[in-house]
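Could you put the whole structure together from the sequences, leaning on the hints where they help?
First to last, the sequence lines map onto chains A and B. Numbering of the first sequence is given in our numbering, commencing with residue 142 and proceeding in unit increments. Numbering of the second sequence is given in our numbering, commencing with residue 142 and proceeding in unit increments.
To be clear, the hints were calculated from the coordinates, so they are not data collected in a lab. Certain hints may be false.
Heads up, the list lumps identical chains together, so a pair's fine if it works in one copy or across two of them.
[What the hints assert, rightly or not] Straight-line alpha carbon distances no greater than 25 Å define the calculated DSS-like cross-link-like pairs of lysine-lysine that follow:
no., residue 1, residue 2
1, LYS169, LYS306
2, LYS375, LYS191
3, LYS169, LYS602
4, LYS170, LYS306
5, LYS375, LYS455
6, LYS190, LYS214
7, LYS366, LYS190
8, LYS375, LYS190
9, LYS375, LYS180
10, LYS366, LYS297
11, LYS306, LYS334
12, LYS180, LYS306
13, LYS170, LYS493
14, LYS526, LYS170
15, LYS323, LYS490
16, LYS180, LYS191
17, LYS214, LYS238
18, LYS292, LYS334
19, LYS386, LYS258
20, LYS273, LYS169
Number of protein chains: 2
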Amino acid sequence: MQKIIIGVTLFFMLGQVKAQNADSVFIKKMANEILTNGKAYDNLRDLTKKIGGRLAGSPQMVKAEQWGMNVMKESGAENAWMQQCMVPHWVRGGEDKATAIYSVPAQGVKNIQLTKKELDVVALGNSIGTGKNGLNADVVLINSFEDLETKKEQVKGKIVFYNYKFNPTFIRTFQSYGDANKYRGQGPSMAAKYGAVGVIVRSMSHSTDNNPHTGATRYDSAYAKIPAVAIGLKDADWLASNLEKQKIAVSFKTNGHFLPDTIGHNIIGELIGTQFPNEFITIGGHLDSWDNCEGAHDDGAGCVQTIEILRAFKALGYRPKHTIRFVLFANEENGLRGGMKYGEEAVAKKEKHILAMESDAGGFTPRALGFSGTEEQFQKFLGWKELIAPYGCSEFTSGGGGADIGPLARALKTPTASLSPDSQRYFDIHHARSDVFENVNKRELELGAVNMAALIYLVDKYGL
Amino acid sequence: MQKIIIGVTLFFMLGQVKAQNADSVFIKKMANEILTNGKAYDNLRDLTKKIGGRLAGSPQMVKAEQWGMNVMKESGAENAWMQQCMVPHWVRGGEDKATAIYSVPAQGVKNIQLTKKELDVVALGNSIGTGKNGLNADVVLINSFEDLETKKEQVKGKIVFYNYKFNPTFIRTFQSYGDANKYRGQGPSMAAKYGAVGVIVRSMSHSTDNNPHTGATRYDSAYAKIPAVAIGLKDADWLASNLEKQKIAVSFKTNGHFLPDTIGHNIIGELIGTQFPNEFITIGGHLDSWDNCEGAHDDGAGCVQTIEILRAFKALGYRPKHTIRFVLFANEENGLRGGMKYGEEAVAKKEKHILAMESDAGGFTPRALGFSGTEEQFQKFLGWKELIAPYGCSEFTSGGGGADIGPLARALKTPTASLSPDSQRYFDIHHARSDVFENVNKRELELGAVNMAALIYLVDKYGL
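Below, the structure written as structure tokens:
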């Protein structure tokens, strides 16, 4: 009996080893294809250099959608279509400007001379403009929301300058971002609550340059909407240290406003499943980006990696069991309407979704795959670590997903996964003018696609 | 009895947990210190921008040694000295130039017009110059040493162009380098063996630019020494594809030569051990660099990380049990005389060395720590993984060391360790004009120091 058990166990073990070997061989083939014949880098160059920034509603959004459809078809999608949704249409409306006005020598000394210093600022996304005449008011230095509470009597009629620092002691920079970005999101309304007339937010970044970083703000309808800008780190340090010594007024002018909602699209390509054509695996990134940059890492990278996986599968003649959807989502940055539409349609059509995966953390060297699902699914996911680790994702972590696939996952309890590239450089360039093609490395971008392709292949082959 | 065993086991386990907690707390303190008050980035700016390239024997080498002594003292070395050694003194001697001369339209058609194209080249380190009049000869395309053997009758009087490609399918780029760099090291002598008069080597790089990459060549005394240059990748592709269609001559001029050996120094700082002052832990990088770049990643990074660990230990008031030596080695690039001297003196003085560690793979985001020692030592090393992984080095691998600490390790069987940062970008800039300060990221550099500091601390505390 024992011999039989050993025999059966051995049989299954050998079967597993053989399967793992076959998987290992196929994943290596995909890696070789992507690293040797990859088109992700060239595609990213086209998207960023020929189209550039592509905020929802902009003419560049329309061009990017056309580009996406073309590349999706060229890369071998058996089915490619545009999934329509209404998107918000915020426009910057002109150049953002700010000037600090202060006295030299310091206040209180006779013969005060007013001096000006240009500040490098960018209006926050979704923020209202100052009007033609701009805004001019004294600045109050606020280090945190707690600090705001203690100074709430001082901010009426003033510009609140949130100087909350991006915490350098978190090792993963997304933690610093999670810690700091409430000042961008809620800061303007929190300041308006106490009568402030404008807001300057320290950029959420570890960078060593002075580029300001934009991103969406969200007005609380209970309070007045006030103009708000982000400021570069060097200017923020200058402003904070000088505010300790003297009064400083800032004059700023921004021109942001909303136009009526307009039509946007998710761009969807499919490889039809041979065994389960009505069961879907989604892989995607978001096609929109902020307007002040090329959106190369955020999230051109995720888009071209998504398309690269399609291209590699076709190049190798891989026919998936399940239908794989390659999706370039609309409007992640300031509305998430693309992701919501995708989830709604899946619900309306009673679609069955096996997995949704997203790449939206930059085209940097891959380090980890994150996963959210049941414990049983997570254990299955962990079982694939040895196969994928050689390509960079040597950490398999609990918790994966992405903004765009969130609505689908919440509606259908779809398991989600995400690529976690190294995070150290991401917030140097995130939403800043330095998020350009030149700051993306070809191999790092390609290796991200390799790691995602491997997971998609394993989920397609073995299910979850 | 069983209860006693469980009790004793629990006692030891709790002791271990307590120690691990204390270690975890101290490592976090070091990380916070380095990430908040770190000087590595500023030090690197000084070294690269105020001194720049610093090849052995050059005036910049002397300046860099002075810089090293000053920073070592400022950072709190209790003992700092210059360990003298003789170093080779190769000089580039002028600008390296190359021009391709070919016919348009292709050969054989009447009315041939000669056309010229400038090629971006750099003379290989240690190579001899062409002489004043330069070199002008037809080029033979050689794809590998095997290919050379089949074409050995064709190369006499010609320039051999080794177009061996940096293999994109190796995931770790050091594998591609190990695979390709024999063409730079042995290529010139292998070609001279069959009568070639000059060599052009395809640069060992994955970069997307056209910068040529230098590095040491080694002449075999059995054959004539012939001039040799490396060529940028775009020019290499152009040359290779056009050589398939027509005859191309290249005219090149280089000016390299050796001056008499001169005096160089290892720069050594110490923190004296409180319990074992005569037992040493060495941590280092190499101070020299090629002359055609700033040597920012190679190996300015390793030098400033080494000094940063000293600074952080002092800032936190850490008194090591063993004497820790912080070493900036001389002449790694084209002679290794600094590393040899360090090993020789250790032998002569019968020093006891616990560990030698090196950072010489760039200031990129840390991924792995490598270790070489006995199996027992390796297991002890593995036991520290959980403590260090949160800071980036989540892979603990067998095999660690570095060129500079090699002679010591071989002479005294000293265990060795190395920092392995992410390798994807390293050969984009290695030995090329793009190895500059601007291509180093502040946090990635600092995190490398954090991971090394953690290992040094644990080895100091627990031995090996």
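Evaluation of the provided hints:
1. LYS169 / LYS306: This pair counts as between: shortest inter-copy Cα distance 19 Å, intra-copy 43 Å.
2. LYS375 / LYS191: Answer is between: at 23 Å across copies they meet the 25 Å cutoff, but 31 Å inside does not.
3. LYS169 / LYS602: For LYS169 and LYS602, only the intra-copy Cα distance (16 Å) is at most 25 Å; the inter-copy one is 42 Å.
4. LYS170 / LYS306: For LYS170 and LYS306, only the inter-copy Cα distance (19 Å) is at most 25 Å; the intra-copy one is 45 Å.
5. LYS375 / LYS455: For LYS375 and LYS455, neither the intra-copy (48 Å) nor the inter-copy (29 Å) Cα distance is at most 25 Å.
6. LYS190 / LYS214: Classified as within; 21 Å inside a copy, 49 Å across copies.
7. LYS366 / LYS190: Close neither inside one copy (35 Å) nor across copies (47 Å); limit 25 Å.
8. LYS375 / LYS190: For LYS375 and LYS190, the Cα distance is within 25 Å only across copies (21 Å; inside one copy 28 Å).
9. LYS375 / LYS180: between (38 Å within a copy, 18 Å between copies)
10. LYS366 / LYS297: Cα proximity of LYS366 and LYS297: one copy only (14 Å, versus 80 Å across).
11. LYS306 / LYS334: Only inside one copy: LYS306 and LYS334 sit 23 Å apart there, 63 Å across copies, limit 25 Å.
12. LYS180 / LYS306: Intra 39 Å, inter 19 Å, cutoff 25 Å: inter-copy only.
13. LYS170 / LYS493: neither (30 Å within a copy, 49 Å between copies)
14. LYS526 / LYS170: Classified as within; 18 Å inside a copy, 32 Å across copies.
15. LYS323 / LYS490: Neither: 36 Å inside a copy, 60 Å across copies.
16. LYS180 / LYS191: Within one copy only: 16 Å inside a chain, 40 Å across chains, cut-off 25 Å.
17. LYS214 / LYS238: For LYS214 and LYS238, the Cα distance exceeds 25 Å both inside one copy (42 Å) and across copies (46 Å).
18. LYS292 / LYS334: within (12 Å within a copy, 81 Å between copies)
19. LYS386 / LYS258: within (16 Å within a copy, 60 Å between copies)
20. LYS273 / LYS169: neither (59 Å within a copy, 50 Å between copies)
When each numbered hint is compared with the structure, violations occur for hints 5, 7, 13, 15, 17, 20.
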